[in-house]
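The primary structure of each chain is shown beneath.
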Amino acid sequence: MSQGDSNPAAIPHAAEDIQGDDRWMSQHNRFVLDCKDKEPDVLFVGDSMVQLMQQYEIWRELFSPLHALNFGIGGDTTRHVLWRLKNGELENIKPKVIVVWVGTNNHENTAEEVAGGIEAIVQLINTRQPQAKIIVLGLLPRGEKPNPLRQKNAKVNQLLKVSLPKLTNVQLLDIDGGFVHSDGAISCHDMFDFLHLTGGGYAKICKPLHELIMQLLEETPEEKQTTIA
Amino acid sequence: MVQLMQQYEIWRELFSPLHALNFGIGGDTTRHVLWRLKNGELENIKPKVIVVWVGTNNHENTAEEVAGGIEAIVQLINTRQPQAKIIVLGLLPRGEKPNPLRQKNAKVNQLLKVSLPKLTNVQLLDIDGGFVHSDGAISCHDMFDFLHLTGGGYAKICKPLHELIMQLLEETPEEKQTTIA
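Line by line, the protein sequences give chains B and P. To convert a position in the first sequence, counted from 1, into our numbering, add 1363. To convert a position in the second sequence, counted from 1, into our numbering, add 2.
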């Protein structure tokens, strides 16, 4: 497992404001403020796969009642998530469960580096939030037809399957909802642009995710979690 | 801005019943849309209304160039789809606080306000739903990443848009459009 200086995917890095409206920093600052105001029991952190989840009804149905916060930013790589978590997004909160979903945007890194970046995120969380049980979501296939990114994402998942059991308080959840059909195609009904999930796509993956979160919350020794708001 | 609209419930409520198709692609600039429209996306169809919403991603262009790109799209549609009434949506403000892109998008809208009336069968619809508050801030409740609209944000802009589309559909001389599916 590679990390630190030898793995570029594990070096924290804030996004630069290339477009000119500083939205990445605005979003990060909001999350830091949320940490001061709120007391989430569940924290979701990652890229657009995480961020978009909150825009669908399913978030309100399944995760809002669990006092969940969503710290997803579209376009983020492992480097961005590492930077954010080191710079305020784990302060003043004590979530019981942290869901990590990132890696599909790490275009400049190999599968090994991406897996290493995710491991670095897990280790950072272990240090700052030792009580939190971590769920790492496997990367989904992408693109309408078979292509190198599908293989790369699958490779990342394979590497994590081996490496994550060696880390603390973390498990890998492979939520591929059968998105790739027998002819190798992904449907736009599941991923509207062959990357981002539709409401239906999210429904497929949120079911097992929600079940696992509930299970982990119930294992927590403190007062029972009130799940239905 | 177009593509995401279809992911929210509002699309099914307001636009699916009008037999609407959504040809939005995230990240597209006026150049991408022009290419797509020239390469098949206006073939074999005869829509009564065409809604165009593009320009906020044209980072390498000036406001004048962006407005020109939008005008070129309108002229292309006039040629290929002379029966279609075109609605060009104004670019929305973006970013949490005042920034150069807000001024640029507003400039594009100002330029279009002057130039579009000179073109055929097209109007500009400014759908800014009061997104910029008195302190200059945009709320993440309207734009979850200070660019893309939430369901609530879309609800604000879709109301006037839907009304205008209905109006244009009713003006069409052919058989009345059945609007409620």
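Bear in mind the hints are in silico, worked out from the structure with no lab data behind them. Please note: incorrect hints may appear among the correct ones.
Said to hold, decoys possible - Each computed BS3-like pair below joins lysine-lysine, with the alpha-carbon atoms no more than 27 Å apart:
hint	chain 1	residue 1	chain 2	residue 2
1	P	Lys99	P	Lys109
2	P	Lys158	P	Lys115
3	B	Lys1529	B	Lys1508
4	P	Lys40	B	Lys1508
5	P	Lys99	B	Lys1449
6	B	Lys1401	P	Lys99
7	B	Lys1401	B	Lys1457
8	P	Lys109	B	Lys1399
9	P	Lys50	P	Lys40
10	B	Lys1524	B	Lys1570
11	B	Lys1401	B	Lys1449
Here is what the structure says about each hint:
This hinted pair checks out: lysine 99 of chain P and lysine 109 of chain P have alpha carbons roughly 17 Å apart, not beyond 27 Å. Using a Cα cut-off of 27 Å, the hinted pair lysine 158 of chain P and lysine 115 of chain P holds, with the two alpha carbons roughly 21 Å apart. Taking the CA atoms of lysine 1529 of chain B and lysine 1508 of chain B, the gap is near 34 Å; set against the 27 Å cutoff, the hint is violated. Between lysine 40 of chain P and lysine 1508 of chain B, the direct Cα distance comes to roughly 25 Å. Compliance with the 27 Å bound is thereby established for this hinted pair.
The suggested pairing of lysine 99 of chain P with lysine 1449 of chain B holds, with an alpha-carbon distance near 25 Å, which does not exceed 27 Å. Taken as a hint, the lysine 1401 of chain B and lysine 99 of chain P pair is honoured in the structure, with Cα atoms around 23 Å apart against an allowance of 27 Å. Taken as a hint, the lysine 1401 of chain B and lysine 1457 of chain B pair is honoured in the structure, with Cα atoms around 10 Å apart against an allowance of 27 Å. Straight-line distance between C-alpha atoms of lysine 109 of chain P and lysine 1399 of chain B comes to about 38 Å, which puts the hinted pair past the 27 Å bound.
At roughly 19 Å between alpha-carbon atoms, lysine 50 of chain P and lysine 40 of chain P fall within 27 Å of each other, so this suggested pair holds. With a C-alpha separation of about 21 Å, the suggested pair lysine 1524 of chain B and lysine 1570 of chain B falls inside the 27 Å cut-off, and the hint holds. Taking the CA atoms of lysine 1401 of chain B and lysine 1449 of chain B, the gap is about 18 Å. The hint holds against a cut of 27 Å.
Of the numbered hints listed earlier, those contradicted by the structure are 3, 8.
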